[in-house]
Amino acid sequence: MDVILLQILNGLDKGSAYALIALGLTLIFGTLGVVNFAHGALFMIGAFCSVTVQRILSLSFETIDPTKVDFLGNPATVKTPYVMEWFGESTGASIIDWSVPLAILFSIPIMITVGFIMERGLIKHFYKRPHADQILVTFGLAIVLQEVIKAFYGANPIPTPAPAAFTGSFDFGLLLGFAENTIIYPYWRMVYFAFSLVVIGGVFSFLQFTTFGMVVRAGMADRETVGLLGIDIDKRFTFMFGLAAAVAGVAGVMYAPINSPNYHMGMDFLVLSFVVVVVGGMGSLPGAVLAGFMLGILESFASMNMIKNIIPGIDQIIIYLVAILILLTRPRGLMGRKGVMEE
Amino acid sequence: MLGLNQRDTKFLIIVIALTVFTPILLQPFPTDSGLAQFNAGYPDLMQRFAIFGIFAIGFNILFGLTGYLSFGHAAFLGVGSYSTVWMFKLLNYNVLPGLVLAIIVSGLFALLIGFVSLRRSGIYFSILTLAFAQMSFNLAYSVLTPITNGETGLQVYNDDPQILMGENGITTTHFFGFKMNSSWIMDLGPWQFTFNFGYYFCAVIAILAFYLSLRIFRSPFGLMLRAVKSNQQRMNYTGVSSRPYTLAAFVISGMYAGLAGGLLASMDPLAGAERMQWTASGEVVLMTILGGAGTMMGPVLGAGFIKYFENIFSKINDQVLHGWFAFLPDGLENALVWLLHPFVGKGWHLTLGLLFMLVVVFLPGGLVELGQRIRNMFRKKPDANDDSNHKPQQSPHVAE
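As you go down the protein sequences, you meet chains A and B in turn.
Residue numbering for the first sequence is 1 to 343, as defined by the numbering used here.
Residue numbering for the second sequence is 1001 to 1400, as defined by the numbering used here.
Derived from the structure by calculation, the hints contain no laboratory data.
For each residue, glycine too, the CB sits at the ideal point set by N, CA and C.
Be aware that one or more of the hints could be misleading.
[Stated by the list, open to error] Estimated spans, in silico, between C-beta atoms of each pair:
id	chain 1	residue 1	chain 2	residue 2	range
1	A	K124	B	L1018	54 to 60 angstroms
2	A	S205	B	L1354	35 to 41 angstroms
3	B	V1361	A	T210	51 to 57 angstroms
[What the hints assert, rightly or not] With a cut-off of at most 25 angstroms between alpha-carbon atoms, the simulated DSS-like pairs for lysine-lysine come out as follows:
id	chain 1	residue 1	chain 2	residue 2
4	B	K1346	B	K1315
5	A	K68	A	K79
6	B	K1089	B	K1179
7	B	K1179	A	K150
8	A	K150	B	K1346
9	A	K235	A	K128
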């Protein structure tokens, strides 16, 4: 029992990342009808937003401290970050410590801008082109974005620690009456899961309870009629692209402490997220979220030693295997709508 | 000739001539000149041109004709490599059994994967092939280590059986005694040309592959495949099932990929799982699109272009750049080097990505379309008899 619970928990954080990326992909596909292979790159840019914020906050000036000497006997230089100078030592230190959550505020406008430029500058011209072309051009864009990030930040992963308050682990076992140290779960992954629920809930309620969201949903169902009613649906869809980019971006920001950002993390997630979208059903938002969590949990179950002993190698292929099975038995995916992407 | 009409025969002869003289054509600069680094006439690179040309020709039979975009073709490349290396390990270094086995095994693989994947079309097909390829890649890395030797990659060891090897067998890959790495170097003044047996071996196979694909393009079977691309529904209405045709195309292109993989292993008896990764599948898509999908020459051009970039462009570093712009004033020189630095050397992927985007946006027909446009620009003579409405229309390109 405790083993099963532990695996479910382990699956949740990866599942959250899949769900968030797949949500954005589905939003873009459902609104604009574009297959965006550059979405993983947006996730990566988000992760590098948190690296950037951390670097900006840690910008420091050097002073010579006459009381200390370094190993050569010269007066030691001490680096003081500017934020410590401005806000006092303790406040400054905690600002630096909390740089990852702060990066969310920084990343949202950046991601929306990036998304806006992408949509207006490139993807707008690809609405009428076949899906193969959309895949190819966004694939090219993903390569470009990835290489640009590599040129600026180098090829090595950059560790980006979570705030000190969240570094430990939480012992779930004690809470649920199991023995000590059976179900241990890092705090930050809990935070990530909660955060992803908030974002997913936010996106859904935005679509469900606002007038803007209602218009967008109407546009997803029948774009032409909404246009005939005198609503400039293109503008709203562009905004939705920005929103989807922001969702992928904040997912990346918060993922940085779990997995140190490197330039190809986007590509790694992209393939899996596409599988998630297809399993969930093209164009279905709840399907994307459901499939994201489901595949995340399945993946973590498959990596249990017990199961690996029965079927060797299952942990490597489980997601793809499930995807193939689902596509062959339920061609529209778990919750796919009729008439979407059925050539 | 050979069942081709006059135009195609001429085309084939030009292609053969180009392949035969490749070692000379790709070596236009004297070896001691500053431009020698742009020479591509060394065996390793020329072999790659031919091999990836075969890979792209095969991919084009599937994507160019039927419009099915497979994102998992690298799996067949990897399977072909593994089979060939296994033949080296079991029999001897003769490449023939290896290549035959590579074609057979990858064909069987393609039959299996295609049978399942072709039940769906469009993006679902792409995802299914991608899933299969990633599965093969992951398995080759982990559980199948006894067959694939995992991360180290499969290679030939001294204690392998090699039952046909004999006492003094040849210890490098060969074709009935002709070693793949044997070269004949011709010095002609400051120029140096390398004629490598391995390259010519690949080239002959590539020409055969090209001829076969030319015949497929012009055959009733090829016409059926085009029908799948232009309107599958209408095809079904006329009572024709498209599945056997698409499956045949998939298997043929899988066998081409397997052959290319086998040749890769024949040139260098080594096979690694990274050949099956999805980025490798993406590469062949890039080659085909860059050159021009659905055309005969396009994929070969694209393959050559990308491999040339990969080898030559990535070698240009800051020093070389400084050398080029040395005649400029210092400030301007440094500025130019700084400007170009991200695009060359390690950053050549960035150039490739940009170029690829530009091609997809502005030239959906790839390099071939560029060539046609330039040619049309030069002979703009309004033809009185050119009544295009009353002639058979060319079928629109995949990317339109």
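Okay, the hints, checked on the actual structure:
Roughly 40 angstroms separates the CB atoms of K124(A) and L1018(B), a value that falls outside the hinted 54 to 60 angstroms. Distance hint for S205(A) and L1354(B): a CB-CB separation of about 40 angstroms, consistent with the stated range 35 to 41 angstroms. Taking the beta carbon of each, V1361(B) and T210(A) are about 35 angstroms apart, not inside 51 to 57 angstroms as hinted. Proximity of K1346(B) to K1315(B) is assessed by CA-CA distance (about 8 angstroms); at most 25 angstroms being required, the pair is judged to hold.
A hinted pair counts as satisfied when its Cα atoms are at most 25 angstroms apart, and K68(A) with K79(A) qualifies at roughly 13 angstroms. Under the criterion of a C-alpha separation no larger than 25 angstroms, the hint pairing K1089(B) with K1179(B) is consistent with the structure, at around 17 angstroms. Taken as a hint, the K1179(B) and K150(A) pair is broken in the structure, with Cα atoms around 41 angstroms apart against an allowance of 25 angstroms. Annotation: proposed proximity of K150(A) to K1346(B) holds, straight-line Cα distance about 10 angstroms (limit 25 angstroms).
In summary, the hint linking K235(A) to K128(A) is supported, as the alpha carbons are separated by about 17 angstroms, within the 25 angstroms threshold.
The earlier numbered hints that this structure contradicts are 1, 3 and 7.
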